[in-house]
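K.L.:
Mind docking chain B on chain A? Use the hints.
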Amino acid sequence: MKKTLALLMAVLMMISLFAGCGGGSNTDTKTTGSGSGATTDVPEFKAGLSIWGTSDSHGRGVSTAASWIESLGGKLIIDTGAFDADAQIASVENLINSGVDFLTFCAYTGESIIPAIASKCQEAGVYFAMWDTTVTDSTIQAALDANPYYCGTTNEDQYTAGYNGVSELAKQGAKEFALIKYAVGVATCDDREKGAAAAIKDLGLKLSYTLVAPEDVVKGVQDVLTNYKSIDAIFALGGSATYVTPSIQAIDAVGRTGKVKTAGFDFSDTMGDELTSKKASLFIGGHVCTSYYAEIMALSAWMGKPVNPEKKQLTINYLYITDTNGISDYQKYVIDNAPYSNDDMLKHLNSKSFDELQSYAAAFTIENIKAARAG
Amino acid sequence: MVKDGQNIKSWLKIILGTEEGQTRRRKEKIKKIIVRLLPLIGLVFLVVLFYFLSDGKLVRTNNLKSLFNQAFSVFICAIAGVFVMSTGNLDFSLGANMGLCATLACFAAFVSTSLALPTALLVGVAVGFLVGVIQIYAKLPSFIACLCMMFILMALAQSLTGGTTKMLPPSMLGMKLDAVKIIVLIVYIAAMYILFEYTRVGKQLKAMGISEETCIQSGIKTGRLRIIAYMLTGFAAGLAGYFTLLRTGCASYQIGSTMTIDVIIAIVLGGMAVTGGSSSRISAAIYGTLMTVVLDNGIVLSGLGGDAQQMIKGILFIIVVAISTKKDKNAVIA
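Chain order of the listed sequences is A and B.
The numbering of the first sequence is my numbering, which starts it at 32 and goes up by one.
The numbering of the second sequence is my numbering, which starts it at 60 and goes up by one.
Quick caveat, the hints were computed from the structure, so don't treat them as lab data.
Watch out, some of these pointers could steer you wrong.
Label pairs and their in silico Cβ distance ranges [what the hints assert, rightly or not]: (1) B:LEU174 with A:SER359: 37 to 45 Å; (2) A:LYS343 with B:THR120: 47 to 55 Å; (3) B:ILE374 with A:PRO340: 41 to 49 Å; (4) A:THR241 with B:ARG95: 53 to 61 Å; (5) A:ASP87 with B:ARG84: 27 to 35 Å; (6) B:SER230 with A:GLN203: 47 to 55 Å; (7) B:LEU174 with A:GLN203: 31 to 39 Å.
We put the CB at the ideal spot given by N, CA and C, even for glycine.
Isolated chain A, as found in the complex (with noise of 0.2 Å):
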């Protein structure tokens, strides 16, 4: 019996997988555009995207952030087995035996990975372009120069964002840092540090402590606070879900709820609750365009027309969100309704050099976007 139905399910699987993959268009262009706007003929493009997930807030927003492509005549496909380098490796395999015509991938497991799947990507002909992902090893970046298929990466400036994070948090007050960070060597974190310290100078504030990789982030802050009772801010250098909630927790443990301001990188899902209940005072986050700028860059390429041929690193806005008021409008403006129209993404697609294109990735601020919205 138990097969019967395990075998019923089966097929009733099968016949709506099959109902979902029917309903393809055969046309190889389409014209996309409002009849105010340029339009464009955007061949039909199959593009690729490998993630570690879409569970958390930051993979969620980037998978979107992706799929917004889509309204130009393309199919998305997201592969999320991306967990760590072997894994990526088979996702971009897998990607590209889709028959994806241009991919892109975060090398978040580090920049030492990119060559392998570079060449794999070389070896299929298949376009590809990185977010989230600044290259400093010289030879890797020589190695992706060489590479034809190869169309550019997009990131933050994680310098200046380190910088604003602590300006923002001596506005509201903060005079005594402790800072968080991931292990010494991660290009993203070392650059926000080195922001972070800049400001710290530059304003007169004091660092007091930099907590290095905790194992058990909980009871380091802990141990932080208790050796260094004038503390009033930690500013996580890494995510907010790994360093900012368990610092609120610490903070609890201490007794100094209130008096210490907590600030941290990437949106999490309880950021809302942390916000209102006045435990944190900032996240940096909401860079989720870095994916679709660097499909515009593949897409392009792939199109014979690469708004990027230098193969340069465009730089993405961060948004920094205060409270709640800033996370309803990053959800309304961002994740849920596309804040680009097909007019701007065949403006983009159609940069006349990456300048302009970077200067279209510049304005990425909620403001604006609510402006083009009323406007």
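P.N.:
Below, chain B without anything else, positioned relative to chain A:
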């Protein structure tokens, strides 16, 4: 009383080889064959399903090459995992051991590229030996010893790589190893099969899974057997770590982070009981590995990624296990 008499009568008929007994024996034999074939049926089901869903992309040469490369390390580790699992234990340190082997092999490659493989194998076997020895001499339960070792090995690999990735020397990047890997895998499977099915070690390991106490009473040195089993998984961790290192081009403490669970899933999907014993077989690791890899690959090839990917994977796992696993109390982990 009458019932007992009837039972004895029917057993006598079977023993004496009456027509009824022969029929029953034939039926039992057919049933046994079908049960052994069920994992293969599960695999065929997946292949056929994804062949159609992916418009035939599943069996294209390039994809078969990718499938082989994706399955290679899991094959190596799962086959060795059968030796430990046949005793009713699991090697939770396998993945972390693989990460450490890859890391140390990467460092050795900077001294001489030819040192990388021996380093990986030696480290792997040494760690396996240590895991076995700790269990026996510190009298720790298997899973405690393995878990503790897992934490130690992960911390070691993490501190050696500084928590990031370390790239291989340029001369070792982009090596074409498909032919080498095929030969290695064939030799490895053949050697492990012979060791497990036709030697005293394999038979005694299965016996340990049935009853360790009986083995001890029969004079079998179970401690030594246990060490051999963990040394084999250590060897597999070294071999898989080395080839994963060559594939990714970099060492990272994250290498092998999901290998332990991949191995368990593969073996269970392949129809082997985690309690070990006489049902243990190498083919379970082979079928199970192929099923997991085809599943991951097929979902993406069919364009069914994204949010639905994990859900589809879960549903298909249930269907495949329902079809392919023998339903008795020892068949899969409860």
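K.L.:
Taking the hints in turn, state whether each one holds.
P.N.:
Each hint, compared with the structure:
1. B:LEU174 with A:SER359: 37 to 45 Å: For LEU174 of chain B and SER359 of chain A the Cβ distance comes to about 58 Å; the hint is violated.
2. A:LYS343 with B:THR120: 47 to 55 Å: This hint is violated: roughly 36 Å between Cβ atoms.
3. B:ILE374 with A:PRO340: 41 to 49 Å: Distance hint for ILE374 of chain B, PRO340 of chain A holds at roughly 45 Å.
4. A:THR241 with B:ARG95: 53 to 61 Å: holds, 60 Å
5. A:ASP87 with B:ARG84: 27 to 35 Å: Distance hint for ASP87 of chain A, ARG84 of chain B is violated at roughly 57 Å.
6. B:SER230 with A:GLN203: 47 to 55 Å: holds, 53 Å
7. B:LEU174 with A:GLN203: 31 to 39 Å: violated, 55 Å
Violated hints for the displayed structure, listed by number in ascending order: 1, 2, 5, 7.
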